[in-house]
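Chemist: For the record, the sequence lines run as chains A and B. As numbered in UniProt numbering, the first sequence has no gaps in its residue numbers, which increase by one up to the final residue, 318. As numbered in UniProt numbering, the second sequence has no gaps in its residue numbers, which increase by one up to the final residue, 349.
Do not rely on the hints blindly, as some may be mistaken.
Below, a list of computed lysine to any residue pairs in the SDA-like style, where the Cα atoms sit at most 20 Å apart [as the list claims (entries may be wrong)]:
hint, chain 1, residue 1, chain 2, residue 2
1, B, LYS7, B, LEU34
2, A, LYS235, B, ARG94
3, A, LYS235, B, GLU278
4, B, LYS163, A, THR228
To be clear, the hints were calculated from the coordinates, so they are not data collected in a lab.
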Amino acid sequence: MARAHAAAWEAIGAELYFYAPSGSAAVADDFGGTECSSLAALYAAAELVDICAPTPHHLNLARSAVEAHRHVLCEKPLSRSATEGRQMLALAAAHRRLLMPAHVVRYFPQYAAAHQAVEDGRLGAMAVLRFHRSGATPQRPWFTDDNASGGLILDQLVHDIDQAVWMAGPVATVYASENRSERSGAQAQTAHVILTHRSGAVSHCRGHWGAEGTAFSFGFDIAGTLGTLTYDSRKNTGFEMSTTRGASPTEDGFMPDLGYFTNPYEVQARDFLQAAQTGSSPRTSAEEGLYAVQLALAAIRSVAEHRAIDVDDEGDHS
Amino acid sequence: MTTGRLKVGIMSFAHPHAGNYISALLSRGDVDILASDPGAATAPSGEIRGAEYAAQHGAPYVDSYEELFRWQPDAVIVCSENAHHRVDAEAGARAGAHVLCEKPLATTVADARAIVDACEEAGVLLMTAFPMRFTPMFEAARAAIRDGRIGEIVGATGTNNGKLPVGGRSWFVDSELAGGGALVDLTVHIADLLDAVLAPEVPELVYAATNRILHSENSAVTNETGGLVNVTYSDGTIATIDCSWSQPDSAASWGGLTLQLIGTEGSIDIDPFALRVEGVDEANANGFWLGYGANNSVPLINEFITAIRDGRQPEPSGQAGLRAVEIVAAAQESAATRSAVSFGEAPSD
Chain A
1 MARAHAAAWE
11 AIGAELYFYA
21 PSGSAAVADD
31 FGGTECSSLA
41 ALYAAAELVD
51 ICAPTPHHLN
61 LARSAVEAHR
71 HVLCEKPLSR
81 SATEGRQMLA
91 LAAAHRRLLM
101 PAHVVRYFPQ
111 YAAAHQAVED
121 GRLGAMAVLR
131 FHRSGATPQR
141 PWFTDDNASG
151 GLILDQLVHD
161 IDQAVWMAGP
171 VATVYASENR
181 SERSGAQAQT
191 AHVILTHRSG
201 AVSHCRGHWG
211 AEGTAFSFGF
221 DIAGTLGTLT
231 YDSRKNTGFE
241 MSTTRGASPT
251 EDGFMPDLGY
261 FTNPYEVQAR
271 DFLQAAQTGS
281 SPRTSAEEGL
291 YAVQLALAAI
301 RSVAEHRAID
311 VDDEGDHS
Chain B
1 MTTGRLKVGI
11 MSFAHPHAGN
21 YISALLSRGD
31 VDILASDPGA
41 ATAPSGEIRG
51 AEYAAQHGAP
61 YVDSYEELFR
71 WQPDAVIVCS
81 ENAHHRVDAE
91 AGARAGAHVL
101 CEKPLATTVA
111 DARAIVDACE
121 EAGVLLMTAF
131 PMRFTPMFEA
141 ARAAIRDGRI
151 GEIVGATGTN
161 NGKLPVGGRS
171 WFVDSELAGG
181 GALVDLTVHI
191 ADLLDAVLAP
201 EVPELVYAAT
211 NRILHSENSA
221 VTNETGGLVN
231 VTYSDGTIAT
241 IDCSWSQPDS
251 AASWGGLTLQ
261 LIGTEGSIDI
271 DPFALRVEGV
281 DEANANGFWL
291 GYGANNSVPL
301 INEFITAIRD
311 GRQPEPSGQA
321 GLRAVEIVAA
331 AQESAATRSA
341 VSFGEAPSD
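Could you build the full structure based on these sequences and the hints that come with them?
Modeler: What follows is the structure, given as structure tokens:
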């Protein structure tokens, strides 16, 4: 994710500093930035901090950043556990720093347009919502280590769980099923999360990490009392090419093809920058990032226990 | 083997598919038909039923089932309200007629099982009318899966979304006659397609979340209008069915059906109603929607008639119809109790 975020910061003219324990020279080179030799050096050089480390490191990095008086943009999911997420919120509040989870899907113009229509009441009351996302199984091993990433549900489906909440509000009950196929040697897993919102609306979120070569795709279908909205990234691309010159080079399938619309990572970076500079509210609050984590954890628990999980007003489940 | 002309009786015009079956039968040229719709007498005014409906579709007509059975049909097609399928199918079986029954086979597991048993005891064939089985896209999907083109199936998402079906037949939203709401009306098509693709795997766990947000202002609607049904199968495959009357009243078409199958080495999306020419219509704000897909009633009827002539089991069978009803019953139980239901634990009434 660091490269997508770095490209966005570069595009809006930020001066970039990088730190990674394993070295960040290559990334720093690619984006004309400076490699720092320590976190302390990074915090000394940079005014804002963007955490793109694996999920289990979010808490400690956020702690040191806010202690260094830096505002923090943190890759989703906000944290691996609700406890860690709460600690992050408390630390940010104690140091009066901004903590913004990078739920970049809120900045994809398709989702933003749909959300605006829903907010404006043009669809009436939300009734039945579906969200889907497919991508190739991430190559970096920590993603497929449940202890580290929380797996498909916490890492990928958290996007669509957040969308469901953004569109249809808080959730009362979470049910989920998951299938990790070990068959035929191919890596493929899928999970379905069904949310019953407090309003009575129901949402279906379908995630998928497929075998190498799986194209990234995403979309939604939203039905309300006054109308429906539908989007599928595989349609209405604005550009289709047919060539006899052999197959086109394959994309890695882990990141979406941003095609011909405004780069959402850039819009996200600008929103964070503005919030950090002016105190405005960013599109996603830390509380909303924590709530999405809590719902994803409820879904993981539902899979393990084969039952529907009730969620209280604070997002907790027992 | 049955040679010569077959006599096929149509029982009831409650389900508007009756007209499709009549024209599919008439187009064959090797069957004689006779229809009866005794329920016409008590049907809501304004709904075209009985002799008038028969005349519109070119079907010879008698007023009662007694007259229909006196004609000694080789087969009957049951198109009555869902709750009447059992009594009508049993009457047909008792009269020695093979039975093609409109979906859902019944409104309860007990009734569906009774229909299957009655046909077995009478020694007649039983087929459930799931027309989506006969779409060429589904056949292509099945063939691709059989050939291993997308590896092993791991998950599926099906959608069957339609307008609130109150236009020509108000019984569709009547609890008693329909047996429920959107869950009953719309789940079975996808459930049957999944059954066909995943056999011999069987459902193990069913969860459903439903609501009545859409059309809540319509006092005639007392059941769920929106629903999501999640099924876990015995091999771990997971599937969700969106069974909602979520197609707005003003939409250009009644609705549609889609099915996405995800495998270990790829995925397939089918959208049988995608075959259409669209455009802007100065006379209609919804625009042109010129569907050109084949009429699925024709291969469905052909399967029924051919199976009778060959003396073999038609597909989808009565058992397939029963399995779909079992999923609906488990989903209804889950929605009522707000908990996942282990398959086989669903009440069989």
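Chemist: Which hint numbers doesn't this structure obey?
Modeler: Failing hint: just 2.
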